[in-house]
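Colleague: Protein sequence lines, in the order shown, are assigned to chains A and B. At position 128 of the first sequence (counting the first as 1) the number is 128 in the UniProt record's numbering, and the numbers step up by one without a gap. At position 521 of the second sequence (counting the first as 1) the number is 521 in the UniProt record's numbering, and the numbers step up by one without a gap.
No wet-lab data here; the hints were simulated from the structure. Just so you know, nobody snuck in bad clues.
Chain B is nowhere near these chain A residues, computed Cβ spacing over 10 angstroms in every case: (1) 27; (2) 39; (3) 104; (4) 109; (5) 124; (6) 125; (7) 134; (8) 208; (9) 218.
Covered stretches of chain A (in silico footprint by chain B; criterion: 3 or more residues with CB under 8 angstroms from a CB of chain B, positions within the stretch not fixed): (10) 60 to 68; (11) 147 to 154; (12) 257 to 267.
Each residue gets a CB set at the ideal place from its N, CA and C atoms; glycine is no exception.
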Amino acid sequence: MRMEIKEEAVESTASSSVARSRSSSAWIRGIPIYVMILPGFLYFVIFRYIPMGGLVIAFQEYDPFLGFLNSPWTGLDNFHRLLTDPDLGMLLRNSLILSGLNLILFFPAPILLAIMLSEVSRSWFRKSVQTIIYMPHFLSWVIVVNITVVLFATQDGGINNLLESLGFQRIEFLTDSHYFRALYVLQNIWKESGWSAIIFLAALAGVNPMLYEAAVVDGASRWRQVWHITLPALKSTVIILFILRLGQVLDLGFEHILLIQNPVNLGVADVFDTYVYRNGVLQGNFSYSTTVGVFKSVIGLVLIMLANRLTKVFGQEGVY
Amino acid sequence: MKRWLPISIAAVLAMGTIAGCGDSNDSKTNAVNSENTNSTAPSSEQSSEPDSDKADQSKKLDIDILTISYGGANWSNDSAIAQFLNQKFNVNLKFQAISQDNYEEKLNVLAAAGNFPDAFLVQKPDYLKWRDKGVFLDLAPVIDQYPNLSQYLGGKESLQFMNPPGKIYGLPYYQIETQTSFGIRKDWLDKLGLQMPTTIDEFYDVTKAFATQDPDGDGKADTYGFSASLVQNKTDFKHIDPIKAAFGLVNNWGVKDGQLISWHTQTKELEDFATFLNKAYKEGVLDKDFAINKVKDPQDKYETAGKVGIDDVVPNNFYQAIVPKLKKVDPNAETVQLLPPKGPTGLQGTSTNSITQKIVINAKIDKDKQDRLLEMFNYFLSDEGDVLTKSGVEGADYKKDGDKYVKLDAFDQDGANLISTLLLRRFDLHTQIHLWDDPTTVSNVDQWFKNNEPFKWADAAAGLESPTATKIGTTIDQKFMATLIKVIMGDQPIGDIEQAVAQWKKDGGDQMTKEYNDAYQATQK
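Okay, chain B solo, but in the shape it has when bound (with noise of 0.2 angstroms):
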């Protein structure tokens, strides 16, 4: 039935080319159009500048916004906030978010058809693969005119950041570098008196005797200590990255004596790894089906089920997600941070984000959009937006009660949140706290990220680019991948990873990781 397949694809890009055609002519004089109106606009603009974001909303437009969504409300057209910016910016706005499995799909295949939105959340392999194409608009010329863009997104190195000298192709997206820490169920440890952990060997003990000594005391041997999944593209797991900092594993790439190392050549390390999962996989403390769950079913588990002693949080999500949710299930359910297990050589590291997703606008559409959208970007960043953004509409989504915020139930019905949360936000520390969060809970959550930020474990090779890696890392990664989880889960011998880091070197590893020392030598110059 399916020989639709190459056929379809074949047809997809046959159209794409026919769009592709008339695209790429368009943008040729799309961009000498503004790098006309770029010598000359700005200073004109600035003259005026007080009503310059009101200079042309005589037209409405149509707006396409397309990013990721980790789960939670969707965007509603009719929700209080929707319907504020469609008019304060003559739009008519439609934000899309798609669930992160399935994102680099959609994209890709929206490339296919040379048909992209008009401005669109990209992650860091994307990015470096589509950003020399002329597919993304270059802020650069036009950056200074929207003064909260250089201010509000971490200045301009961090613009700088993973672009070409002289080029800005996207805005940053913004994550706390240390948001994500382990927490742990604090009633289970009471229940058997158990202490909280704080090397790997303790935190085995616990997280076994979670899973063997009936925890929730229901007289089932239904409990496990931790879960696991992989990360969306099957290149590495996600939620056990302390557990692999403990054992010495780089965030992918490392520096060792002043060299890029990556974590698919660390054979002694990954064979502690492997050892410690195998056994935690054979006795019943890992989730059995880890290599089958989706990206963020371990959360799922851990809130829905009550079942997991461990889980992988990050704080803002904590209270206002987690927390709520395992009290219906469990109502003595206890959650607290659980700061990263030291090794066995001392090491300590935490879940480690680096902030390479970038939102770019559409290189192809037409300059009123790109305008119109710059001025969109530009307002969620200052103080009125910040607040919109975050907390909705007064009235709709909150209101006042006397000097207190109440919210209402329309803000988490309409994800009255989600640009915040999904497209484009300030670089702060309070990238989910409400007006009307307890001070409590947003000290507590400064708390979470002040005790975690210690143990940054961050990627060396974040902004830097290898072509090898573009165009086959994702493939060898997968490979190494396979051959780890089966050695974890015992269907081959743990020498197997020595052949599959040989594998890996000779498969372009090797390639990838001089490409990314010359890069990383370069910017240390």
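Only chain A is shown next, with the shape it has when bound in the complex (with noise of 0.2 angstroms):
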């Protein structure tokens, strides 16, 4: 790509015509941002665009020994056994559920954690209290549900022992369905709130200490302060990052869910890509399995297309 750049513009050059040596020597002086630009667009036509011609298998009876050139075709019977498949039903409204759990009490959480940071006035305090919390951000998935098993298993969890001495019923946390979205949505704000609080109390950071100063003068209480300062002063970053985070709605976390998933919750823990997986990888049903990964990314583009609309509608720039 470098070449033809400097190839069209020796050519151009060498033309001589003053309107277009001015749009050559733009082309020359942008080479190097160009050249940077690269690594960023193989990136995403080596690891993005090309892969998804995989997705042809979605239309084939797909065999790993002859190959997508030789795998039979099949047309669209394998998109016509999903929309009969009794599961999709399902595999839908576990993971719109749990999308929309992480939207409503995940998303807000760092949110409100960055504000109540920010209201701490001994900085030590705070400081050590942000380092605490955002470590388990590092802490991989199956170290976080392996340490919720030793805490909450029924049998033999942390828990579950202290609640039997204190004269209480074990409680079946990780066998008991219901328990589950719960604990999905906690284990992402333990993970990850502390981490993801660290952008909102940047843009707290920025807000000028006049501004309370004033409102105190004129008699603002703390609750008046954080409505009428801090709120008003995070709006424009909340409403980025919560259109940014709707670009990924569907994706609730693959490693995450696999780790707490049991013969028990399946019923509500069994999302597009844990079907995928256990269909595909597991039992090699390859071709299914992609079609229902098509299916996935088709109904996540419409969510976004959707949420996108709707931010223009309230007046808001969309991601596109």
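Put the two chains together into one complex; each comes in its own frame, and the hints tell you how they fit.
Modeller: Written out as structure tokens, the structure reads:
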């Protein structure tokens, strides 16, 4: 690509037309920038666009030992199977409910955290709390889930042992499907909200202290200050992050969900990604699971377009 | 974040295809090659027989072997046995063992990438799925050149098992059929003044006493009767086979009135079984976490926590691992064999393995490598190799002391017996008996096997195949299992089992039953 630009540049200088040489000198000056763009460009082409070619196996009865040039074509059979699959409704419902919970409960958590931290006046306390709560971000899901099991297991879990010694019944946190969604969202909040709060704290650091001083002079209480100064200061950051978040609305954290799934909570815990994993990777139904993946992407796309439209309706700038 | 999943699968597949295209040609030429060489080679090799395995080892080869790990030591390339084998066969052996919880995943990912190891262990569903795709080397034409393979692996019939006529795509991985039995805490029985249970009702009373009468005497209600887990693909229980058998359930598939039936269709037996486990669950007799246990958790809980009264144990493993570990937790612990309890109708059965795991050689690798692997396998089964793969290298893993052998520390650290325990071994009850083992232990182990022998509870469809089962069996079995577990945990009423049975039949179970029966009738003629 770089070569092309150069050749073009040489050619156009040769033609010596004033207008064209101006535009070609712009090209030449741009070369360092194009070179800088190149790795990112190649990344998207090689790792994002070319692999999409693999989606053809959704229209085949794919056999890895034949490859996709020789696997038999089946047209829309896989899509037909998917749309008549009794599991589809469950997958869709679970994915949407979990994404909804993430948006409603997990998304605001770091904002609240940031506001609470900014209200703490002792800086040593604020800083140490901040450090402690963003630590979990660096733990892998395997560790987080195992800590959960050690704490919440019914037979030997620490929490349940405590409950029993206090005279309460043991609670089946992990094997009762009613607790699954709460567990999922709480684990998300525990692990990520400290880290996500950093960006909101940064936004708050930019607020002019004089605003608060003026508010105090005007007799505003702590709550009033938060309401009229802190929240408006965060508004644009919140909206941008919210829109970005909508772009990944169906990405629920495959590894996380897979690790906390068990046969008992599968009815509420099975989402598109884990379904693809079990059927595709474990049982080798590559074609069908690719079909499910394509379907999920289409739904994700529709959701993003809706969200984008919605933000524009509310007078904000969308992602595109 | 995880939009990568479908895309990366697609990417893997894309690469697989590119590799696959090349490989499929290779395999054709390979097949032609091997046919050619097979038609000429045997005579020439047999003529120069004694030295034939030294024929051409001039080239150093990288050999990858992949198998299932059941925990314990890992293979070390610095170990004495690794170095010995590398030198003897002029190879660079990479022996990798992956946890049974993840093995199937690993193999399927490798399959999608068209990138199998040189030799690997395959479980029945995958073996049947890939058997006729030309990925496993057909050993039938060459098997006679490797006398130990035909002699020590159960003979022709066993080699032929699960293969189309005239083909041998894999070597059987030997498991002692009735190697597993219940072990029970004798010290707990004595402490509570209880008798060894012989029926399922007595079994319940004893395990309930274990859960409620504080057998370890620490004043806390922290013990329980027995544990269980699920097999790795979550289609069946593990560690409680004798209970299933007592209630008349068949081991996956059984014969009734000359027809094969699946345990998924035994509504009455399933209800009895579920009622029993539901009661055990409610009263704290059964491990509350059985549904989230990893495959081997029940054994780990038995030996490292000392809070479970019953565990199903493999006697070799029992004497070498469980007893020493449990002694550390509780010096008074004593475990004895518990024969399968009699069910309400007098039925008894013990956990019974079918020899359906196969060691296969990749058909797409160089013929040099295939030959080298076969020579190694042939050697592992020879008298010398048998000692080596079980006990390690003399001087490093054990030493001779007078007329006795003494184990050295390196043996356990290096996992010197992994080839024998995880990959290839003779059809011989003494799979894990080492040179230095005390004759009493050996005869104890034999005794466990012998006691168990009469209670064989075999899967009648072990060697049979059904295309439907290969395609959707796991999925519908998992669904069925989910209902059964919920019934046991009291989340669903017992009546739901009937629906689950009907659903299983409708989703493909009837078709599987028909296919298995056709295959079964064909073998009966």
